[in-house]
Amino acid sequence: MLIVGAIWKIVDLTRAPRDRVLRLLVACLLLLAAGQILSFPGVTLAVDSATALGVGKVAFNAVYMSGLGALILVFLFSLSGPDRARRRRVRLHAGLLAAVLTALVIDMIATPPALRGHTLTTADMAQPAIAAFYLIGNAYFVYAYLTPALWALRYARLAARHLALGLRVMALGLFVLAITSVNRVVWVFLRIDAPGGHQAFNTVNWSMTDWALGIVLLGLTYSAGMQVAAHLRSVVYHRRMYRELTPLWTALATAYPELVLNVEPSGSRWRRFRLRRTHERFYRRLIECRDGLVRLSPYLARVAPEADLARGPADQLARHIAEALALKPVTEDPDTAFSATRIASPSGNDLGAEARELVAVSRAYAKGHREQGTDNR
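The sequence shown begins at 1 in UniProt numbering and counts up by one.
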């Protein structure tokens, strides 16, 4: 899931390479995914075999903690605030992470070479370097889980409904992960006191960790899923509106071919797919239709001098457009000055209202064109 999210955000990053928050989010997802991979026993063993015993464990902690640090920075840079205070916090987080990683490396070096492959279930937890490794590491995990959880709750108060819900679910999972890190600190002291006991405590805690990770991923997936669903709805809507504008656009583009903003070059199917992005095509067609009506408006004013061309019914305006297109000469005198008239003004000031108004005119124009064709037969 983390890898899928990273790939998705890398695609977004190619469109906005200067977005600092997006760069941090991509780094966060890649580091957390790499950390999860390094946590697999087989991968840890392979790293140790290629380097030295204990390197895999240190590498996992370094990569995973860096991912959590990047997550903290994502929230830190997402909220507005004084740059000076933000830079101070960045230095604080980075300094703390560097200090923790340095301490883990020192602890691993101080551990006897034969014991550097230790785990939480080791019988040698009483070794000071081993105990310090887990105490320092899990203390940082408590901090690294709690901090983004609190930021997520703060950001959720400002976010849209679906994003806010996803952030709250993610925060819940992070809080539980912080609790499991506290439990691992407790576990270290329990293992020091009784090296072979309390295994049930550790089993339950790992189960809590798995559930908490699932909750975090659920929160992330919900927010991302709702974003994808909204995007798909927008794509479907714009694709439908694009098709419905075709009759009006075809008539106007035939009369004024110079208004077509750009002709897409022929090429491979992949190139056409890349160029024909739904939203861009829709907005381009909408602008071309509006420009065509502005150019045609002097003829509309001549064929319907008494009509309300700005607020009139769509079917009536469609008939006037057909008459104006018939009146327009094939070649216009470039020295002739025309005054433009407002045509099909939408009730609202947004692009959605503009699109709905022109789509209604396009539908009426297509219907009138079909009826005229039937009458001619």
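Quick caveat, the hints were computed from the structure, so don't treat them as lab data. Just so it is clear, the structure is predicted and the values come from calculations on it, not from any experiment. Glycine is no exception: its CB is placed at the ideal position from the N, C-alpha and C atoms. Among the clues, some could well be false.
[Unchecked claim] Label pairs and their in silico Cβ distance ranges: (1) Arg154 / Arg243: 30 to 36 Å; (2) Val186 / Tyr283: 56 to 62 Å; (3) Met208 / Leu96: 21 to 27 Å; (4) Ala353 / Thr246: 49 to 55 Å; (5) Leu217 / Val294: 48 to 54 Å; (6) Leu79 / Gly42: 36 to 42 Å; (7) Leu150 / Val186: 46 to 52 Å; (8) Gly368 / His162: 25 to 31 Å; (9) Ala46 / His162: 37 to 43 Å; (10) Asn349 / Ala326: 18 to 24 Å; (11) Pro313 / Val228: 34 to 40 Å; (12) Ile106 / Met208: 44 to 50 Å; (13) Leu158 / Leu96: 22 to 28 Å; (14) Pro313 / Ile3: 27 to 33 Å.
Point to revise | Hint numbers not upheld by this structure, sorted from lowest to highest | key: 1, 4, 7, 8, 10, 12, 14
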